[in-house]
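**Student:** Chain by chain, the residues run as shown.
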Amino acid sequence: DIQMTQSPSSVSASVGDRVTITCRASQGISRWLAWYQQKPGKAPKLLIYGASSLQSGVPSRFSGSGSGTDFTLTISSLQPEDFATYYCQQANSFPRTFGQGTKVEIK
Amino acid sequence: QVQLQQSGPGLVKPSQTLSLTCVISGDSVSSNSAAWNWIRQSPSRGLEWLGRTLYRSKWYNDYAVSVRRRITINPDTSKNLFSLQLNSVTPEDTAVYYCARDDYGDKFDYWGQGTLVTVSS
Chain S
1 DIQMTQSPSS
11 VSASVGDRVT
21 ITCRASQGIS
31 RWLAWYQQKP
41 GKAPKLLIYG
51 ASSLQSGVPS
61 RFSGSGSGTD
71 FTLTISSLQP
81 EDFATYYCQQ
91 ANSFPRTFGQ
101 GTKVEIK
Chain B
1001 QVQLQQSGPG
1011 LVKPSQTLSL
1021 TCVISGDSVS
1031 SNSAAWNWIR
1041 QSPSRGLEWL
1051 GRTLYRSKWY
1061 NDYAVSVRRR
1071 ITINPDTSKN
1081 LFSLQLNSVT
1091 PEDTAVYYCA
1101 RDDYGDKFDY
1111 WGQGTLVTVS
1121 S
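Same order as they appear, the protein sequences are chains S and B. Mind the numbering: the first sequence is residues 1 to 107 in this note's numbering, read in order. Mind the numbering: the second sequence is residues 1001 to 1121 in this note's numbering, read in order.
The set of hints was computed from the structure by calculation and includes no laboratory data. Predicted, not measured: the structure shown is a model, and the values here were computed from it. A few of these clues could be false.
To be verified - Listed below are the simulated DSSO-like cross-link pairs for lysine-lysine, each with C-alpha atoms no more than 27 Å apart in a straight line:
#1 S:Lys39 - S:Lys103
#2 B:Lys1079 - S:Lys42
#3 S:Lys45 - B:Lys1079
To be verified - Sample of chain B residues facing chain S (criterion: CB under 7 Å; computed from the structure):
#4 Tyr1060
#5 Pro1075
#6 Asp1076
C-beta atoms are modelled at their ideal positions from N, C-alpha and C, and glycine is treated no differently.
Next comes chain B alone, as it looks inside the complex:
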């Protein structure tokens, strides 16, 4: 059974960096069939896919255009986790952030528990 456990601060100041981690159990961040995603949800933007990291003989990343200049998703094979960094945050980045596994490219079948991140001074 795959489980994803998120951690990270719930409050970030404007212009600073939002950092979250997602620890994977029951699968590997280096899986050749899965991709590891970050998705956020807010009342104004709904569910919004932010990006993913995946390993297919080498590491790849895909990012949403809306956050491409500010986002980094990194795998950590030693700890079997992946992380999200979102730079220069504004109040519009306030949302519940989820990590999720994308199995074979057609579905988000496992999700983390969600982390409410509020951007406020």
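Here chain S stands alone, though its shape is the one from the complex:
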């Protein structure tokens, strides 16, 4: 199975801050990577797919980059509604696997 490792596990930030979350795959996955946002009691919401394609309806302050084994999710200017947990997921092979999550908290 491909292991997905996110860092940091949590980050404290203020509204307006730039936040960067990284995801590393245990083997190369080309650009087969998606990012999700999850709020308490809710299902994950797709933000980014194909490493950098923004899902329809997702604000442009979210962006993704990377290929191979190293990927990044960036929130350019953190908004109050962005405080949540973020997950990466590889779509290169089965079983599909997720990172352990990065919690973005209010500073």
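Here the structure of chain S is known, so what remains is to put chain B in place on it, guided by the hints.
**Tutor:** Frame of chain S, contents of chain B only:
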């Protein structure tokens, strides 16, 4: 707009079978581009993909090795839904279970609302 509506019991006894259904609206379980998945989430295991069913001229299933001997995912074309059965459950199967659409194989773009299933006597 695709919507997935889950239903099923929230409490299952050990050794029994966990059964959930996911009704699809706005798409077809027989779609030639989508796959229909079950994913669970628990504090100990995080988000864990369990399996999927898809139609590409015939029906296919893929399952996670961790549950392969216990899991069945079935489509129901008459009701446009798909179901999850997980046999011989233990407390380690306690989790929130989600159904999700996998569009073109690269993203889970629509999710059900989630069902907390507790395995306890």
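**Student:** Of the numbered hints stated previously, which ones are contradicted by the structure, given in increasing order?
**Tutor:** Violated hints: 4, 5 and 6; rest satisfied.
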